Amino acid sequence: MDISLKIRRFNPEKDKKPNWQTFKIIAEPTWKILDCLMHVKNEIDGTLTFRKSCAHGICGSDAMKINGKAALACQELVKNYKSKKFVIEPLPGFPVIKDLVVDFDLFFEKLRKVLPWFINDERPPADSERLQSPEQVEKILESVKCILCGGCTSSCPSAWMNADYLGPAALLKAWRFIGDSRDHATEERIRVVNDHDGVWRCHTIFNCVEACPKEINVTDHITMLRREIFKRKL
Amino acid sequence: MEGIKYKWTASFSEHFRYKFHTGMVAWAIHRITGIGLTIFIAIHIWSISHLGSGPESFNATMALYSTPLFKIGEVMLFAVIIFHAMNGLRIIWVDFFGGAKYHKKLFWALMVAAMVLFIMGIVATFLPMINLINL
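Protein chains in written order, with the numbering used here: chain A, 1 to 234; chain B, 1 to 135.
Read the hints as simulated data drawn from the structure, not as lab findings.
Treat the numbers as computed from the prediction; the structure is a model and nothing was measured.
Be careful, since some hints might not be right.
Stated by the list, open to error - Each computed DSBU-like pair below joins lysine-lysine, with the alpha-carbon atoms no more than 30 Å apart: (1) A/K84 - A/K231; (2) A/K69 - B/K71; (3) A/K113 - A/K82; (4) B/K19 - A/K98; (5) B/K7 - A/K113; (6) A/K214 - B/K7; (7) A/K52 - B/K71; (8) A/K82 - B/K71; (9) A/K85 - A/K139; (10) A/K231 - A/K139; (11) A/K6 - A/K233.
Said to hold, decoys possible - Quick list of the computed label-pair ranges, beta carbon to beta carbon: (12) A/K231 - B/L89: 40 to 50 Å; (13) B/V25 - A/F118: 38 to 48 Å; (14) A/W200 - B/A124: 31 to 41 Å; (15) B/I43 - A/K79: 23 to 33 Å; (16) A/E135 - B/G88: 30 to 40 Å; (17) B/V116 - A/S133: 38 to 48 Å; (18) A/R191 - B/H44: 37 to 47 Å.
Ideal placement from N, C-alpha and C gives every residue a C-beta, glycine not left out.
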């Protein structure tokens, strides 16, 4: 089928401003947007730049704005779209390095602020692992699925307006460890997220939930963090 | 690197370039109605302040509000208050009672309730006027 890809392009060596370029290609309905981009890169214009790695929605490196919404190019099928005119842009709210490639430095810097690693100085029981009950696993199961594609933070109007806001991805990661029964650094993380640039900057707009390719209800997790902080103040 | 515009935020226009979902629509209208209500409060305080300069001054201001144009304004104000209150309930629900899991259903259910309240308000506003005409 005939489709058109309108891509926002930017070459830092030549362009002062980003510009649009439209490619008309013949695609299979079963192609993903990533396949279309690969086709353009391989057959039409080799200078088209974008990130990709696994191409199966696991690595999270090909998040971009597709038809006005952050999504993973490798998860969006051509046949699932009514209009076959696609508008593809880099993720909003991130500095563009080239074409669809954006800088993730600040995103990961904010992530590191919530201490996104397991902290527990005690030794595990000698004869087993650190076991969890099904209920304890259930509490963090959804947040564990995050692949750090950046779709949520890049779709968040609160983050667009304020570069200091930790963002949905970092807050979700904070919950992943705060909610973990085996982790011992809950209070440290609560201190980080209990800030006007932490959980309280979220205005429950739910753009992150719409953007998440892993269907994680990010806002729900941010409100769970808020209730966790609220309980401590009672 | 030269040529790269390093900006870790998006311009305000990004709001209009991004796809609007229920949550973003609710949030945007909530903010706009919030500004509207702030303006109303200022006007309200201004008109009440006429009480200080005697009953004639206050009655003159009140007479202004009984014109048809202000009746329409009253209906609009009611719509603004109803939306802001109903969506406010939704936000409380999301924040305190885990409403984030079903926030869209919550929004539309509250909007139905808002509509019912709004129609009741319109009836209450215009029914006395109809009775006056009949007299």
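Hints and how they fare:
{"no.": "1", "hint": "A/K84 - A/K231", "verdict": "50 Å, violated"}
{"no.": "2", "hint": "A/K69 - B/K71", "verdict": "41 Å, violated"}
{"no.": "3", "hint": "A/K113 - A/K82", "verdict": "41 Å, violated"}
{"no.": "4", "hint": "B/K19 - A/K98", "verdict": "23 Å, holds"}
{"no.": "5", "hint": "B/K7 - A/K113", "verdict": "20 Å, holds"}
{"no.": "6", "hint": "A/K214 - B/K7", "verdict": "27 Å, holds"}
{"no.": "7", "hint": "A/K52 - B/K71", "verdict": "59 Å, violated"}
{"no.": "8", "hint": "A/K82 - B/K71", "verdict": "45 Å, violated"}
{"no.": "9", "hint": "A/K85 - A/K139", "verdict": "41 Å, violated"}
{"no.": "10", "hint": "A/K231 - A/K139", "verdict": "17 Å, holds"}
{"no.": "11", "hint": "A/K6 - A/K233", "verdict": "51 Å, violated"}
{"no.": "12", "hint": "A/K231 - B/L89: 40 to 50 Å", "verdict": "22 Å, violated"}
{"no.": "13", "hint": "B/V25 - A/F118: 38 to 48 Å", "verdict": "39 Å, holds"}
{"no.": "14", "hint": "A/W200 - B/A124: 31 to 41 Å", "verdict": "38 Å, holds"}
{"no.": "15", "hint": "B/I43 - A/K79: 23 to 33 Å", "verdict": "54 Å, violated"}
{"no.": "16", "hint": "A/E135 - B/G88: 30 to 40 Å", "verdict": "33 Å, holds"}
{"no.": "17", "hint": "B/V116 - A/S133: 38 to 48 Å", "verdict": "45 Å, holds"}
{"no.": "18", "hint": "A/R191 - B/H44: 37 to 47 Å", "verdict": "42 Å, holds"}
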